[in-house]
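Enquirer: Sequence:
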Amino acid sequence: MKIPLYRYRVDYLTRYSDINPMLLFAQKYEFIETEQSPLRRCYANAIILVEEGSGVLLLNGIEHPMQAGSIVFIASGVPHQWISHNEQLMIHRCAYFDWKYTNRPDFNYQKDYFASIEQPFREEWTSFFPSLKIHTVMKVSNISIWLSHYNAFTQPPAVLGARSPIESLQYNAAFQTFLYQYLSFAVKNDSWYEPRIAQILEKIESIPFEQAEIDIYQWAKDLNIGKSRFHQLFKNETGYTPKEYVQRRRLYQAAKDLCTSNLSVSEIAHKYNFSSIHYFSRMFRNVMGFSPSQYKARYQ
Numbered sequence: 001m002k003i004p005l006y007r008y009r010v011d012y013l014t015r016y017s018d019i020n021p022m023l024l025f026a027q028k029y030e031f032i033e034t035e036q037s038p039l040r041r042c043y044a045n046a047i048i049l050v051e052e053g054s055g056v057l058l059l060n061g062i063e064h065p066m067q068a069g070s071i072v073f074i075a076s077g078v079p080h081q082w083i084s085h086n087e088q089l090m091i092h093r094c095a096y097f098d099w100k101y102t103n104r105p106d107f108n109y110q111k112d113y114f115a116s117i118e119q120p121f122r123e124e125w126t127s128f129f130p131s132l133k134i135h136t137v138m139k140v141s142n143i144s145i146w147l148s149h150y151n152a153f154t155q156p157p158a159v160l161g162a163r164s165p166i167e168s169l170q171y172n173a174a175f176q177t178f179l180y181q182y183l184s185f186a187v188k189n190d191s192w193y194e195p196r197i198a199q200i201l202e203k204i205e206s207i208p209f210e211q212a213e214i215d216i217y218q219w220a221k222d223l224n225i226g227k228s229r230f231h232q233l234f235k236n237e238t239g240y241t242p243k244e245y246v247q248r249r250r251l252y253q254a255a256k257d258l259c260t261s262n263l264s265v266s267e268i269a270h271k272y273n274f275s276s277i278h279y280f281s282r283m284f285r286n287v288m289g290f291s292p293s294q295y296k297a298r299y300q
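Residue numbers (the numbering used here): 1 to 300.
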């Protein structure tokens, strides 16, 4: 790649980006029996993943069935209402954000961003929207990878409302990385969805990771996809190469065990077939941003 060289007598045009995404707040929300949100509008944009359960989203007057793996973009100002099924209560992962800075005087709490449909709505406080065409409702099969993104920018209760500038940068950087991956998946174009890759992702979810690493190229061959084309399609769909994807799946499952089991770090490294605890720790830090011990202390 040729790197542009700057010299005093040769100047270059510059411009600020039209967008500078800023995370406002993120949370995990669990519905209780008979719960439904009021019909409301939000001054911010939202990307919401249904982690578990099922229900219905009423979005701009249209009903959308929701299930685990549904991921929804709700633009600011759009009327919407969530209704959870009582037998399969929904759990949401939520990210609320602005595409660029929006001045809203006296907004200090999450509740300030929502207005019921009966309340007056101040259009000047709605978030700017760039010229993107986004699929509003989609389904993802690799839920654990999407959850890992949400984990990275969802603040622990101990730091809510008391973040340092460094922590704010950390969480917003993680959100912007997530937003890039999300838009790569959600922006409308003629090749946004590849059903053959979806089949392979489902197979990866159903067998041990070490076996998936062996079988993945044979699956592609069985679907008449050449190796280079397979790499291209797989990265378009997931944002990762096949090897990176399987490796990350192993690490995300290990992260889940760190928070939900009594296994030691050494036992988890052995369980997921890492050659040594040192290699496991290094790979874990590269992906999660923390050592296994730090991650367990932070999120358990």
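Do not take every clue at face value.
[To be verified] List of simulated lysine-lysine pairs, DSS-like, C-alpha gap at most 25 Å: (1) K256 - K271; (2) K133 - K111; (3) K243 - K221; (4) K243 - K256; (5) K133 - K221; (6) K139 - K111; (7) K100 - K133.
[Unchecked claim] Label pairs and their in silico Cβ distance ranges: (8) E202 - K256: 18 to 26 Å; (9) F128 - S206: 13 to 21 Å; (10) P120 - S228: 39 to 47 Å; (11) S144 - R282: 16 to 24 Å.
Since the hints were made in silico from the structure, they are not lab data.
The beta carbon of each residue, even a glycine, is placed where N, CA and C say it ideally should be.
Enquirer: Provide an ascending list of the numbers of those earlier hints which the structure does not satisfy.
Expert: Structure breaks hints 2, 5, 6, 9 and 10.
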